[in-house]
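This is what each chain is made of:
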Amino acid sequence: MCGIIGYVGFRNARDVLLEGLKRLEYRGYDSAGIGVITSEGLKVFKDKGEIDLLKESIPKFESDIGIGHTRWATHGRVCKENAHPHISCDSKFAIVHNGIIENFQDLKEELEKKGHRFSSDTDTEVIVHLIEENYKGDLKRAVMKSVKRLKGSYAILVISEYEKDKIIGARKDSPLVIGVGDNENFLASDIPAFLKFTNRVKYLLDEELCVITRDGVSIFDLSGKEISREERRIEWDIKEAEKSGYTHYMLKEIFEQPHSLAETLRGRISEIEPFVEIGVEDVGSIERITIVACGTSYYAGLAGKYIIERLAEIPVNVELSSEYRYYGNKNGTVIAVTQSGETADTLAALREAKRAGCRTVAIVNVVGSSATRLADDVILMRSGPEIGVAATKTFTSQLLVLFLLAVKIGIKKGVLDAEKARRYLAEIKRVPELVREVLEKNDEIRSIAEWIKDFSSIFFIGRGIGYPIALEGALKMKEISYIHAEGFAAGELKHGPFALLTKNTPVVAVMINDESYEKILSNIAEIKSRGSPVVAITEKGDSRVREIADTVIEYPETLPMISSIPIAVILQLLAYHTAELRGCPIDKPRNLAKSVTVE
Amino acid sequence: MVKKAVVLAAGEGNRLRPFTENMPKVMLPVGNKPIIEYLIKSISDCGIREIVLVVGYKKETIMEYFGDGKDWNVEIKYVFQDKQIGTGHALLQAEEKVKEKEFLVLPGDNIIDNESLRLLIESKAPSLIVEKSDSPSKYGVVDIDAEVVKRILEKPSLEERAIVSTGMYKLKKEIFDILKDLVKNGRNSLTDAINEIAKKERIGVVKGKGKWKDAVYPWDLLTMNADVLRNLSSNISGKIERNVVIKGPVQIGEDTIIHPNCYIRGPVVIGKGCEIGPNVCILPSTSIGDDATIHPFTEIRNSIVMKDVSIGSNSLIENSVIGEGCRISSHFSTLAGKSAIEIENGFHRVDNIGGFIGGGCVIDSMVTLESGTIVGKGCRISSLKILRGRLDSGSRVV
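Going down the list, the sequences are from chains E and V. Residue numbers for the first sequence follow our numbering, so the first one is 26 and each next one is one higher. Residue numbers for the second sequence follow our numbering, so the first one is 211 and each next one is one higher.
If you're looking for bench data, these hints aren't it; they were derived computationally from the structure. Hints may be right or wrong, so weigh each one.
Said to hold, decoys possible - Using 30 Å as the maximum straight-line C-alpha spacing, the simulated DSS-like pairs for lysine-lysine come out as follows:
1. Lys227/E x Lys309/V
2. Lys466/E x Lys293/V
3. Lys280/V x Lys227/E
4. Lys47/E x Lys221/E
5. Lys565/E x Lys293/V
6. Lys138/E x Lys105/E
7. Lys595/V x Lys565/E
8. Lys117/E x Lys138/E
9. Lys437/E x Lys449/V
10. Lys268/V x Lys280/V
11. Lys221/E x Lys309/V
12. Lys47/E x Lys280/V
13. Lys250/E x Lys280/V
14. Lys268/V x Lys613/E
15. Lys197/E x Lys280/V
16. Lys309/V x Lys382/V
17. Lys382/V x Lys221/E
18. Lys445/E x Lys595/V
19. Lys449/V x Lys438/E
20. Lys251/V x Lys227/E
21. Lys80/E x Lys613/E
22. Lys80/E x Lys68/E
23. Lys565/E x Lys553/E
24. Lys466/E x Lys243/V
25. Lys213/V x Lys227/E
Quantities reported herein were computed from a predicted structural model and do not represent experimental measurements.
So that you can see chain E by itself, here it is in the shape it has in the complex (with noise of 0.2 Å):
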């Protein structure tokens, strides 16, 4: 998701656009750059890293008008090089895009033997070659050319040394708004890039093209056509615009979640008739599966092997994609679970998976992406976009998707008859209203994460599908909140990790209504006899633990591994308010990103 900025007005553009940048900071980067039009004529900065540093490496200068831009790695990696702005042969031409272009390899191919040479790996980089080719001395005119040839997604912004007044911008699939001031105009990927600025907006719309000046703008069709368009006046303040109400992206997103579950399941099943339909077909003839994924897809996809194990009964093996990609054993079909689809290991597992002939199954949130190209199927997990970088909404839609599959498989083998699926697909299109319940808790949570956020480490037990859900749980709490928290498998504390329990290491034990339920009662009583302090999740209705634990949080009554998904909603809750209270950049934890396209 890069984030570009153009500027042409009164100011000082260096500034503009840093600050531009640094509004744009949310949609995650790896690389960051600027180009500007002085004197001296057109000027490049850019690099890898972070705006703030970007910013002290540039010079002070005179300029009033230039592009920025957040660089996202989709093609190619991350560097110097791979950066925008990207310019032109003779230098006298600069771009920055968001989006992807399909065919910039034959592009590439015929600008080279043109005689254009390339000094990076970018599909964007094609662009700008285009643009200096059909350039004869008006660049509206020859921008318009160029964008006709592009296939794929794309917002660009485009100065040239030759106009030094004006910047071009045009969009297809990827979004560009243009911000109206008083003698000055700006565009950009989103509205607070410039909300400081100007309140004042046009959008712009599909296979548009825009010129905009000091002291003017304008609007055409790609045939040249103007168009003219209603200003609109926004008048939120900038963390309003973006969040509508909520503190952080993450809250807001964990109070998405009946909502965004709902889509998941919409159309996909019938409880009447029963049958499920999520796209992938001749599920029945699947004999092994292993699933592929980083992170809390990962979990998702431990989550996954309880789930299809039970109810479709076939084996399924879980990989970390940075570890099937070399060493996994390349059978059966693979599953790669991963929200943005962009996730370079998985991509990489996916990669040899099919090269090793597997059938892959992609479970994927963004429509589009590589992984949904790369593999033979894919489900959707219609999330929506997710922006808090420690994914929430994103986990829960993949474990009910997991169960979709395997309630589809398990219908197709014969290992689930009518009525045991009907069962579970009626109990499946109730976890929005579970999540709806779980979220009524936030004050209790609140109380709660009060009172471990004075704790240096904490631990997240579970068995059966809670021990993913536990893992999980500590995953989320260690990257928002900082605290040192570990995840581990209720029946092997004995086997080394009861070493590190002390009245000082509070407990979190995800109880689950099943077999395993004796079992981590007890569990918690040696927990208990060594002084540390637990708090339980567990069933609604469940007098025995709250004998024992310090703290109960109950879930809605369900089937037992259905309970999984309300239980990964009030861990991420716990750990919100945990990481709040602790005063922690909660949407922009220190060194991670949203989706990690790098290797």
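Please build the complex by placing chain V on the supplied structure of chain E, with the hints as guidance.
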């Protein structure tokens, strides 16, 4: 021209329990849309683009639904009232976001027609929309002299028809100074502030067009639902299987499946992702929320079935409201009839009324609700039970 509307949406609406235990009153669905959505649409239709929403009780449900408002062609800013201690105090929270000299103040739980709202917008501030009401005791009665408001009397014990305040105002910025003084002295009601203004200034009267709607008690939701469905236009998406009969104005959302032999007579609205039938009968005026499942041989008439509800086969739902996420097994019946329902220590006689079930209840087979029964939120009822009266939230009937 007024540019901004402050909409008060912080309150719970406790007389509408158990439904308001899941969401604030403004978010209760009628015709499958939250009450406040009708108001926001009217505001937008009348050309006002900026809305300040004062939220408090279960504010997330509102923020999640409306976001920044762009789907409604408005820009919504949120302000918070942490404790719901009064409408005046609620309005005061919006002060920082209101720089305009004149603006509208509207209660988020009322529905108003565009025509009346336009009259208010065009009137000279301060002004107020009034309506005639047969049950003035629920509202503030307005004492009018020569088209000028003299005084508003809150919830008097009047039985005959009277002119009442809709709580919809066009006000001037000075209201905030008056509110500050009053709130300092523990007087948190907006009516108090209006009465203060009335002492010094003429408050204009805008006569509403008789289409103002408010829901105070659970059974009012059914009236409101029937009212909003009166203007329904047909729009059928989803998958309609063989031999389904659809008559009158009916809306069916995307990804909904209607299995064979269902009979649907509008006005009826069915949300997205529902599964209905075979052999289900849905009669006027009924709203069925998103992702609901209605099993075979069930009849539903004049009712609100909220989202994520499942109703088992061979059931009858009549003049009733079923809350979000309820799972009801087969052979469930509501008996519609005359009832005296107790709410806030008072009995209300209601005709031809079925039952009310709060969100998230799980009801096993063969349960019957006598007329006027109110089942709280999250109850569990075992099979073969006949319920009457009021069941507290979280109860178990075994």
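*Failing hints, ascending?*
none
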